[in-house]
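Given the coordinates of chain A, assemble chains B and C onto it according to the supplied hints.
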Amino acid sequence: MIRRFVGTRRRMSGWLCTRTGITSRVRKGTVPFSLCENRDSPQTVCLRILCAAIALTWCACGSRAVAEQPQGLAFRVGKVITMDAEDRVLNHAVVLTRSGKIEKVGPAAEVEIPEGYRLIDKPDHWLVPGLVEAHDHAAGSGRDLHDYVYLTNPGLRTLAALVPESENNKRARAGGVTTVLMLSGSGNNLSGFGTLTKLAGDNVDEMLIRSPGCVKIAQAGNPERYWYGVGRTFMYYNLRQTLQKALAYHRKWERYERGETTEKPEFDLFWDDFRDAFRRDIISLIHTQWYQVVMSSVDMLAKKLKLRIVLGHSTFEAYLTAPLVIEQGDVYVSNGPRQIHFDRRQRKIMGNAARWWQGGVRKLGVNTDASVVPQEELPYQAAMACHYGWKPYEALRGITRIAAETLMLEDRLGSIAEGHDADLGLWTGDPIDPRSACELTVIDGRIVYDAAVRREF
Amino acid sequence: MMRTACYIPAIILAALLACAAPAVCQDTDGEETFVVIKAGRVLTLAGEEYVGGQIVLVDGKVRLVGKDLEYPKTARVIDARREVVMPGMILARSRWELPSYSRSGIHADRGAAKEIYLDSIDFEPLVEAGFTAVCFYPDGTGIPGPAAVYRTAGKEATRDLGPAYLRITMSSPGRDKKVLRDAVEKARKEIEKVEKARKDWEEKQKKAQEEAAKKRAAESGEKPDSEKKDGADGNKDETKDPSKEEENKEDAKTEEKKPEVFTPPKIDPAVKPLVDWIRDKKGPPLLFELYRASDLRHLDQVLKQTPELPNALFYLYQMSSSGYHHVVADLGKRKSTVLLSPQIGQLPYTVTPYNLPGELAVAGCTVALLPSGDSTSGYHDVRTRLAELVRAGLPRDEALKAVTLHAAQVLGVQQRLGTIEKGKDADLIFLDGDPLAVGTRVTRVMTLGELVWEASQRP
Amino acid sequence: MRHRCFTFALCWCVLVSGFGVCATFAAEPKPAPDAKPAPAAADKTDAKKDEKAKEDEPKDRWFAVTGAVVHTVSGPTLHAPTVLCKNGKIAAIGHDVAVPEEAETLDATGFHLYPGLVAVGSNGLVGNEPPEDNTNVYGLSLTLGLAGGVTTVVAGNTAAKLTYGALEDHVVRRNLFHSLSYNRRDPNGRRNFRLALERARQYLRDLQAHEEKKKTDPKAKPPAELQGEDQAALKLLRHELVSVADANTAQELRDLASLVGQYRIRLVVRGAREGWTVAGEMARAGLQAVITPRTRRDRDERTNRPNGSSIENARILHEHGVPLAIIPLSTGTSTMGLAGRDLLHLPMEAAFAIRGGLPDEAALRAITLGAARILGIDHRVGSIEVGKDADFAIVDGDLLHYMTLTRWTVVNGRIAYDKQKDSLFNHIRPGGDLDAPPPRDDWPRRLGEGW
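Chains as they are written, first to last, in our numbering: chain A, 1 to 457; chain B, 1 to 459; chain C, 1 to 451.
For reference, chain A alone in the conformation it holds in the complex:
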C-alpha cells in the first residue's frame, strides 16, 4: 500500500515537479522532497503543507474551472415577478442569492441584506426569473444542427455539438434567456436526443443540466423534404417502428432489473437513452404542426406510447386540436416560431397562442425555434403573442414557469423561489415590452451579462 502510495505520490509529484520545473533537481536528489519518504519531522510537515498548498493552487489554476463559490447577490428592485406557486408579484422587494441558489424573496421592508452580499440597488427595475427556451437550435455549432444519415437517428445526442460561450449564447444571455433545450433539427423523423443546458459556463460540464434532455421527434412538416417519396404514411410507420423497438429494449432491461430474468440484455447505445423517455424522466419534444399532424402526435405518442410529449411549434391551424390536448391532460404546448396564422377560409389573422388559450389550453408557452427567430428575442415572441390576442402575464409565465414545467425542471427553474437556481434577469421594465432592456443576467448566482460593461442587446 505504501509503495503504491509512494508510487502515486511520485507520479503526482513528478507531474508537479515538471510543472514547477524542478524535475532535474529532484532526480539529482538535491530538493528535500521528503514527502517521498516516510518521515515526519516538523520541516517535513511544513513542506508537506506547502506542497499541498502549491498542489491545490496548481490544480485550481490548471483546470481553469471557476470553482470559487459565487458571491452572494442582493437585489433591491422595484418589482419582482416570482412566478411561484402563488403567482406573487412584489413591489419594492429584495431577492437574496447564495451559493448559486435563491436564498430569500420578500418585500424590502422585511428582508435584511446581510454583509458580504453584492448589492444591486435598482428601485425602478424589474426582476424576473431567467427565461427558459423550450426549442433552440442555436446553442451549438450551426453546421452540426443535424445528421441526415437515416430517417431516424436514435442514439445521437446534441450534447456533442454544444458550444459554450458561442456568440449566440452570449446574445441570448443579453436577452435574459438563461436555460435552453438544445435540439437537433427536424430534417428527419427522429434526430436524436436534446440537451438541457444553461447558457453560461466555460465548458459543457458547467453548462449542462441534463443530457439526454429530451427525445427530439419531428412528426411531419420538414422530414418530407429529406428524400423524395417520404410521406406521412411512411413517416408515422417509421416512427412507430423505431419507438416500438426502443420500447422493447426498455422492457427487456426492466425485466432484468426487476429480477424477472437473469439473462442480461445486451447494452446498445442506439436505444439506451430511450429508457429515460419511457420512464417519463425526460420529455419527448415533437416538432408538429397542422391539425392532422398534431392529432396524430397526441394519439400515437402520448396516448398509445405513453410518452410525456411536448408539442413544439403547434402552429398553423393546430389550435383546433385544443380539446384533444386538454383531454389527454399531460401534454404541454410550446408555440412558435410562427405567432400568426392567416386563416384563408375566413380571411382572418389568428394569433396562435391566443387561439390555444381561448381553446382552453393552460399548459402553454412560446418559443423562438432559434435561430429562425434570434434566441434573444424570446420575450419579443411573447410580446407578439400578446399583440395577437394573448395576455401579458400569461405570456411571461409561458416563457418562465410554464417553460420550466414543459422541460420538467420546474422544481429548480422558471420561478424566483427559495431553493431554486439563482437564474434571474434584471430588466428596465416589462420584460416582454421590446422597449425594456435586460441590464443584468444571473445564472447559478453568477452575473453572466452586465449591460453596463457592454450592451449586447
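Hints were generated in silico from the structure; no laboratory data involved.
Mixed in with the good hints, there may be bad ones.
What the hints assert, rightly or not - When the alpha-carbon atoms are kept at most 25 angstroms apart in a straight line, the in silico BS3-like pairs for lysine-lysine are as follows: (1) A/Lys252 to A/Lys304; (2) C/Lys59 to C/Lys89; (3) C/Lys213 to B/Lys333; (4) B/Lys333 to C/Lys89; (5) B/Lys189 to B/Lys281; (6) A/Lys170 to A/Lys245; (7) B/Lys61 to B/Lys199; (8) C/Lys59 to B/Lys304; (9) B/Lys266 to B/Lys281; (10) B/Lys215 to B/Lys193; (11) B/Lys61 to B/Lys178; (12) B/Lys38 to B/Lys193; (13) B/Lys178 to B/Lys189; (14) C/Lys89 to B/Lys304; (15) A/Lys306 to A/Lys252; (16) C/Lys213 to C/Lys235; (17) A/Lys391 to C/Lys421; (18) C/Lys86 to B/Lys304.
Said to hold, decoys possible - To spell it out: a stretch of chain C is covered by chain A in this simulated footprint if at least three of its residues, at any positions, have a beta carbon under 8 angstroms from a beta carbon of chain A; those stretches are: (19) 303-313; (20) 329-337; (21) 419-425; (22) 431-440.
Glycine included, each C-beta is placed from N, C-alpha and C at the ideal position.
Relative to chain A, chains B and C alone:
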C-alpha cells in the same frame, strides 16, 4: 242601264286583281318560303312564353310568334310539339380552334376577322351545344383589334355577321394603361392632323381665290377693290363677260383642277375607332377587359381625361383574388354591360360563396355570360352553370337572356339576334326539355330558317 | 244576254275568290310584342350628362375626427381636439372648431391619433414604378400595411400613399433620390463620381466668372453645358437633389462622410450598421441615416476597434445629431407566420431603438416626421399640422406599445381601414376586451357577416 251595271263588277274585279296580282304572282312563283314551327313551348325571351305556340318564319326571318296562328297550307311545317324552342345561344368571346399568339400595342385595325377561315374551323361542337353565333376575338394585350361575329352554321354567304367590339385590355395596368394613353394621344394627334390639313386647305383655297381674283382684276382692268369681292362673285363676273369666254374656260379649267372638296388625309387605321369616338362621339363598342377590381380604378383614371370614350362594356376575368365585389356597386351605377364566366366564386381568402353574376344583375348591370372555357365540355356545360346560378339567386329570365339577348347586346347584333321576335333572324335551337333542367339536350339547331343540325341524324 | 250573264257570273266568281286571296295576305297577324329598341344608349348619355353636371359643381369634402388624444409629433400632444379636414388636407385643429353639417365625422374617443406612419422602404404594398399605374388598390398587402398604421411608403424611387380603393393622390413624390454606389469594391466608380463632382464644381466657378465677365462684356460665352452624370452632380452641388447610398461598415461611412464634407452634397445613408462608431463624423458631415435597430452582425473580437452592430446605434446617432429614419428587418407584409419583423409592425422596430436608449419622442419621429423629412415630403406628411395631408393612424393605445392595434387608418381624409369592418383583425380585442371570445371556425358565411 243594264250594260253599265254588268261592267261594274268587272271593273271592281279588275281593280282587285290588280291589287292581288302581285300577291298571287308571288305565291305561284315561290319566292317567299314559309316555315312554321309547331313547338311544345316557345321561349321568346322578349317577354312572352307560349305553351303550344307556333313560330312562322318567312325567308329565314321570324314573321309571327304566338298561339293559334294561321299560315299558308304550303308552308313547311316542323313538328316540334315535344320540344322547347328558344333563341340560339350566342358565344360572345371565343378563340375556338384558333392559335394563340402574343400581340401588344395599338392595333385597332387588325381584327380577328383577318384570321378566320370558316372552312378550317370545326363548328360542330358549338352547334351541338346550341350556339348559333360565335364571336372571335383577337389575341394579345393592349388594343389588339376588333372582334368578329359569325354564325356557326348555314350558307357561307350568310355567316359573316360583321365586326363587333374593339377589345381593349386593362389586365396588367402598368403595361396596358400606357398603351391606352398612347392610343388616345395618337388619336388626338390624328384629329389635329386632319384639322390642320383642313385649315391649310382652306387657307390655300382662300389664297388661291384671292390671287385669281387679283389676276382677273389686273387683266380686266377692273378696280383693285375687286379683290375684296369673294371668289364666287369674281367667278360670276368672269362668266358674265362673253369676250373673255376662252380665258374664262381656261380659268374654269384650272379652277376645276383644284379639288373643290376637301379630302382629309388618311387617319391611321390603328386608332381610327378612337378618333371616331373622340371626334364624332360614336364608334364601335369598346370592350374593356379587367382582371381585378383595381383595374377598373386604373381604367377610370385614364378615361377621366377622355370622357368621350364609353366606359360601360366590360369583360371580367375571374381569379380568386380578383375581388370584384368591391366594384359591383360602381358597375351597377353606370349601368354597365358585363361579360363574364358563369362561376359562383368565393370572396378572396375565404370560402364564402359569392354569386358575382347575380350580384351584378341585382346592382343594375346587364349581364352576359360565357361558357366556362373554350372547350367542348365547357360549351355543353353552360346551361348547367346557368342553372346553378339560378339556384343561387339569379332570376331565371336573366340567366337565359345572359347567353342570348345580352350576349347579342355585347356584340351589337341585338337587332338581328337574341330573341324570337318579328323581324329578327330565325336562329333557333330546339331542346327536349327545359333548357335549365338537368339532362336536357339540344335536338335541333336552325339558322336563318334552315335546320343545320339534328341530333337524330348524328352517326 | 247569255254572254253578258256568263261574264257577270265569271266576274263575281273571280271577285269572290280574289277577296279570299287578298284576305289571306292582307290580314294583320296577331300582334307580336314589338322588340323594344334598347334605350340603354340614350339613358347612358343622359346619365353621363347628369353626372358631369354634378362633378362640375365643386363640393368640398369635409372630414372630422373628435375625441382622440392627438400626437402632433411636431408640437404638443392635444387631448380630444377636433381635427377638421377639407378635401384631404388638415384645415383646423382645436377645441372650438366648427364642423360643417355635411362633414363625415369620426368619434375616436378613447383612442390615440398619430400621423400616418412613413416607411422608407417597402416591398409589395404598392405596385412597381410607376406605382400609379401598377398598384392594386384593393390588394391584401396594401390593406395589411394600413392595418399597421402605415400610410406612406417608398417603392423604388417614388413615395406613394396607401390609398385604398382609389388612385387619386396616390403618388406623393417621384425621383426621391439620386442613387449612389460609393464603396471600395468599385474604386473606378468612386473616382468617376468624384470627377463628375469636380467638373460640376468647375462649371459653377466658370458660371460665376461668366456672370462677372458679362457685366463688362455682354457677348461673353457662357460655359459649356454639362453632360450625363455631371448633370446629376451639378444638381447635387446645388442641393436640388439628394443622394442615397448603402453603407454599413465604419470605413464605408467614413468615406461617405469625407465625400460629403468635401463637396457639401446632401446624402442619406441606408444601413449605417456601424454608425455608432463614427457618429461624430457622420453628424459633422450632415449625413442622414435610415437604420434598422435589430440588424445584427457579431463583433469581430480579433480587432480592438469597436465594430459590429449595436442596439444603441439609434441612440448614439441621435445624440450626435444625425437625422434618423427607421425601417424594419423586412419591408414586406408577410402572412407566412413570423410576426413582428416586417412592415406590419413598424412601431416595434422603433421600440427596439428605445431599448437601446433612443428617447421615445425621437423614436416616434423616426417613423413619422423624421422619415418624411429624409424623403423630402415633410411638407405634406409626417405630423399633424394645418395644411398637411389628412393621414392618420388612430390606434387604441400608445403606438409604441406591443399590445396596441390600429383601429382606423385615414388617408387623404378618407377612412382607408377600419379594424372592426375588415375581417382581418376584428376578432382581436374588439373594444379593448382582453377576454374576447375566439371567432367561429365554421364556414361558409354570407357577405356582411363579420366580413
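These are the hints, each one checked on the structure:
{"no.": "1", "hint": "A/Lys252 to A/Lys304", "result": "19 angstroms, holds"}
{"no.": "2", "hint": "C/Lys59 to C/Lys89", "result": "15 angstroms, holds"}
{"no.": "3", "hint": "C/Lys213 to B/Lys333", "result": "68 angstroms, violated"}
{"no.": "4", "hint": "B/Lys333 to C/Lys89", "result": "28 angstroms, violated"}
{"no.": "5", "hint": "B/Lys189 to B/Lys281", "result": "17 angstroms, holds"}
{"no.": "6", "hint": "A/Lys170 to A/Lys245", "result": "40 angstroms, violated"}
{"no.": "7", "hint": "B/Lys61 to B/Lys199", "result": "49 angstroms, violated"}
{"no.": "8", "hint": "C/Lys59 to B/Lys304", "result": "18 angstroms, holds"}
{"no.": "9", "hint": "B/Lys266 to B/Lys281", "result": "19 angstroms, holds"}
{"no.": "10", "hint": "B/Lys215 to B/Lys193", "result": "32 angstroms, violated"}
{"no.": "11", "hint": "B/Lys61 to B/Lys178", "result": "45 angstroms, violated"}
{"no.": "12", "hint": "B/Lys38 to B/Lys193", "result": "60 angstroms, violated"}
{"no.": "13", "hint": "B/Lys178 to B/Lys189", "result": "16 angstroms, holds"}
{"no.": "14", "hint": "C/Lys89 to B/Lys304", "result": "23 angstroms, holds"}
{"no.": "15", "hint": "A/Lys306 to A/Lys252", "result": "17 angstroms, holds"}
{"no.": "16", "hint": "C/Lys213 to C/Lys235", "result": "24 angstroms, holds"}
{"no.": "17", "hint": "A/Lys391 to C/Lys421", "result": "24 angstroms, holds"}
{"no.": "18", "hint": "C/Lys86 to B/Lys304", "result": "23 angstroms, holds"}
{"no.": "19", "hint": "303-313", "result": "holds (count 3)"}
{"no.": "20", "hint": "329-337", "result": "holds (count 3)"}
{"no.": "21", "hint": "419-425", "result": "holds (count 3)"}
{"no.": "22", "hint": "431-440", "result": "holds (count 5)"}
Checked against the numbered hints given earlier, the structure breaks hints 3, 4, 6, 7, 10, 11 and 12 and satisfies all the rest.
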